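Add chains S and L to chain Z, keeping to what the hints say.
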Amino acid sequence: MNAGTYDVVIVGSGIVGAACALECAQQKLRVAVLDHDTVGGGATAAGMGHIVVMDDSEAQFSLTRYSQQLWQELRPELPDDVEYTQCGTIWVAADDEEMSEVHRKAAYYGRHGVPAQILSAEELENLEPNLQKGLAGGLIVPEDGVLYPPCAARFLIEKAQNHGALLQLGAPVSGIGNGRVRRADGTEISAGIIVNAAGAWAWELTRGISVKKRKGHLVITDRYPGFVSHQLVELGYLKSAHSHNADSVAFNVQPRRTGQVLIGSSRQYGAEHKEVDHDILARMLQRAQQYMPGLAQTSAIRVWTGFRAATPDKLPLIGPCAEDSTVYLATGHEGLGITTSLASARLLVDQILGSTSAISREPYLPARVTTLEHAHV
Amino acid sequence: MSSLQKQFDVLVVGGGPAGIAAAISASECGARVGVVDDNFALGGQIWRGEHAKSDSKASAWLQRVNATAIEFVPGVRIIDQPKANVLRGEGPSGCIDILYRKLILATGARERFLPFPGWTLQNVMGAGALQALVKGGLPIRGKRVVVAGTGPLLLAVAAYLHKAGAKVLLICEQASRTSLARLGARLLIHRGKLAQALSLRKDLAGVRSLTGAWPIAAEGNGVLRSVVISHRGSTEMVDCDYLACGFHLVPNTELASLLGCRVQDGRVYVDHFQRTSRANIFCAGEPTGVGGVELAVVEGQVAGLAAVGQEDRAMKLFRPRRKLRRFAQALDRTFALRPELRQVTQPQTIVCRCEDVTYKQITQHRSWRAAKLQTRCGMGPCQGRVCGPAAEFLLGWTPDSVRPPVFPTLLSTISEMPPPETGVVESVAMRGQQ
Amino acid sequence: MSEQISVLVNGAPCIVAKGTTAAVAMLIAGAECRASVTSEPRGPLCGMGICFECRAEIDGIAHRRSCQIVCESGMEIRTDV
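Residue numbers (my numbering), protein chains in the order written: chain Z, 1 to 377; chain S, 1 to 434; chain L, 1 to 81.
If you are wondering where the hints come from, they were derived from the structure by calculation, not from laboratory data.
A few of these clues could be false.
[Claimed, not checked] In silico DSSO-like pairs for lysine-lysine, Cα to Cα no more than 30 Å straight-line: (1) Lys57(S) / Lys360(S); (2) Lys163(S) / Lys57(S); (3) Lys274(Z) / Lys83(S); (4) Lys57(S) / Lys193(S); (5) Lys57(S) / Lys323(S); (6) Lys202(S) / Lys143(S); (7) Lys163(S) / Lys18(L); (8) Lys167(S) / Lys135(S); (9) Lys18(L) / Lys135(S); (10) Lys212(Z) / Lys28(Z); (11) Lys323(S) / Lys193(S); (12) Lys57(S) / Lys18(L); (13) Lys274(Z) / Lys314(Z); (14) Lys202(S) / Lys316(S); (15) Lys193(S) / Lys167(S); (16) Lys57(S) / Lys159(Z); (17) Lys83(S) / Lys212(Z); (18) Lys83(S) / Lys193(S); (19) Lys18(L) / Lys143(S); (20) Lys83(S) / Lys6(S); (21) Lys360(S) / Lys323(S); (22) Lys274(Z) / Lys135(S); (23) Lys193(S) / Lys18(L); (24) Lys193(S) / Lys316(S); (25) Lys274(Z) / Lys212(Z); (26) Lys360(S) / Lys202(S); (27) Lys202(S) / Lys57(S).
All values reported here derive from a predicted model rather than from experimental measurement.
Bound-form chain Z, shown alone (with noise of 0.2 Å):
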């Protein structure tokens, strides 16, 4: 890599970063993709790679939905081991309770043009046997899809390196700002705009940023085609991912194309290392096999850890730091890095060229926090 100017350097190449690089790419600007060890080897490689449109607020809902459909018009490009099914989700309802929660979210995506039906007990026992008998019934939103992330981002990456891109792995980033870009081995790179886009270590770039760790645990299981078709998320789900102080776990289970199960899912503040945490896994494998008993019995061959990177309202930073206009953020995602990643990338690179988006950008700009930064525990 020369030490000549690049228009924009993107510090990480997970998800978003790579989405970011292509965009740019494709705007003919001249990009350099730095990553410390190889593509798409943070959240991006631990997590469950959903692909969901989620109504937890108009801004989430705007962007994950912007961000689907980016996905949808992507998919005929998309290489076969990046395993794009679209396998729709099933967000499950115990009570009566959890259903008028359904009956509020098929109200709301119904409004919203987005297709979701809504599912009797026994309409949800046919279409997923090894649930629990005696749910109440669930939300069907087919238009939700898995794919496989580290080679989603590999894909993503490639393709911004057929426009131009330049990427160096293996290249540890100390420092950014007014510019620069310096590397672990004291060498610095000169950058019109220099993006962030480290996920969990993005604080260590860009100080005061309010961006946790979220630690989360996975389990993947041996192949069972057919053990569970769609993915499955408990409405609980959502009063997991609302605490911002208390360790939580959700019943979320996902089909991979290769009738592997995985399971999930959980989050922990304040937990740095990444070792296994063996309460919060047997608190969460326990939750899984109330819903799905027969999970007992399937073979679990690896467990792992992933750090979600979290904001104090759960949306990304997408835009120019307030301190550092050479600095630009794209971090910040949560649990919704690969669903969001698509359209993260196209307000980021709406705001460098100074173009209109299809959404609006407000609620994403990293000015915002500085104001939230009370909230955050």
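Using the frame of chain Z, we list chains S and L on its own:
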């Protein structure tokens, strides 16, 4: 559902020669000792099928076990450490948590496999593997077998199969005649081993064997039909029913890694008392460096004695251990893999058998981790135990960190909460121990 | 090991000597243990329970390492090939 629980002063993981020796040494000093093993009988791999009533060295040790209060916990695979001083296993009754004061890892070794065209055909397997299957009831009388690869195991397996009535057509050792001759000369120093070697030679009289030879392909339609051997620059095809092919042994260090013990160059680091880098954890036998049965037994004894504070008695074994370790190093040198073996794996050869990833696919990437994430090699149920050592030999890639479970396990087993705080009641023998 | 027992391999009875492992029972019955991800027929590789090539459904539970399981009378062994 609560899991079964046991507690011991000294827990030994692995019921092979090292584990047996360690357990006996500790138990005869009065400690409460448990031995846990995946198999339902003691003996590990090399003493598989031996029992206390026969006339071998193994049986002498097994008789000694019977005379102690050692508790054998059979059919249990250790899969995780849910909490300090507790190991979790999965056995016939499900989840079992075992509490311990001292831990001795005697997890043995496994065969090293190198991928070659056709190695995934049925009836192509490891050398020790074919022996294990025959011990497990496989009819072998009259079947044509080629034994290939490298290491002392080849001759032992060939002799066993020959005695069981197989037609051992050929033994191919990749080590050169000169290396083997050098080893042969060393045997004169180790009289016990010389006797073994001569006995093997006698057992295999009349069996064709080649040095500097190795398989380059196995052929057949789903099932093995013939093997192609490379020898002195030319090839030879041999029709056979079984190919027993293994390239020496790889230490099983996964559990040690999970527990945070220092592992370097694929071996568990231990000090002169077989202590690992983690307090209260010892390691003996092949995981500290592949060295054969006698060394494993001595290391086991040292570990067992040291674990119960009998360092003075342990020190008496340092001299025989040193001698055996020198022999082990000689074995290492003799059976080192020659670089030509790297040319055997072809681009279309499957390297990761769990996920059917070819050599070509793996070599698109620059590191084990990148290859894993992009191709899934090493992400299957064998957890890289087969493909990892192959990738290390072929590409110099070192495996990455070990995560639980160290062995695939039922989800229900890892769903159990870690056991609550309980101290292990120590027996008299252990009082005064750190 | 002269006593004989009967197990079922893919529904068909197979007589084996007592002490025989399920993997060997499959080999004796001429069945492949499993089909790989790309549909290659596979049998045991390591013989000691670490390679997972010998996986089969035994008494209703899938993905069991057949080389580590001793046959019992009436055991139902199913391969996916």
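Here's how the hints hold up against the structure:
1. Lys57(S) / Lys360(S): violated (47 Å)
2. Lys163(S) / Lys57(S): holds (19 Å)
3. Lys274(Z) / Lys83(S): holds (16 Å)
4. Lys57(S) / Lys193(S): Satisfied, since the Cα-Cα distance of roughly 13 Å is no more than 30 Å.
5. Lys57(S) / Lys323(S): Measuring from Cα to Cα gives roughly 19 Å; hence the hint holds.
6. Lys202(S) / Lys143(S): holds (21 Å)
7. Lys163(S) / Lys18(L): holds (21 Å)
8. Lys167(S) / Lys135(S): holds (17 Å)
9. Lys18(L) / Lys135(S): holds (12 Å)
10. Lys212(Z) / Lys28(Z): violated (33 Å)
11. Lys323(S) / Lys193(S): With a Cα-Cα distance of about 12 Å, the restraint between Lys323(S) and Lys193(S) holds, given a limit of 30 Å.
12. Lys57(S) / Lys18(L): holds (26 Å)
13. Lys274(Z) / Lys314(Z): holds (22 Å)
14. Lys202(S) / Lys316(S): violated (35 Å)
15. Lys193(S) / Lys167(S): holds (26 Å)
16. Lys57(S) / Lys159(Z): violated (64 Å)
17. Lys83(S) / Lys212(Z): Roughly 27 Å separates the two Cα atoms, so the pair holds.
18. Lys83(S) / Lys193(S): violated (43 Å)
19. Lys18(L) / Lys143(S): At roughly 22 Å apart (the allowed maximum being 30 Å), Lys143(S) and Lys18(L) satisfy the hint.
20. Lys83(S) / Lys6(S): holds (14 Å)
21. Lys360(S) / Lys323(S): violated (44 Å)
22. Lys274(Z) / Lys135(S): Roughly 43 Å between the alpha carbons, so the hint for Lys274(Z) and Lys135(S) is violated.
23. Lys193(S) / Lys18(L): Cα-Cα ~35 Å, so violated.
24. Lys193(S) / Lys316(S): holds (21 Å)
25. Lys274(Z) / Lys212(Z): Satisfied, since the Cα-Cα distance of roughly 14 Å is no more than 30 Å.
26. Lys360(S) / Lys202(S): Roughly 44 Å between the alpha carbons, so the hint for Lys360(S) and Lys202(S) is violated.
27. Lys202(S) / Lys57(S): holds (20 Å)
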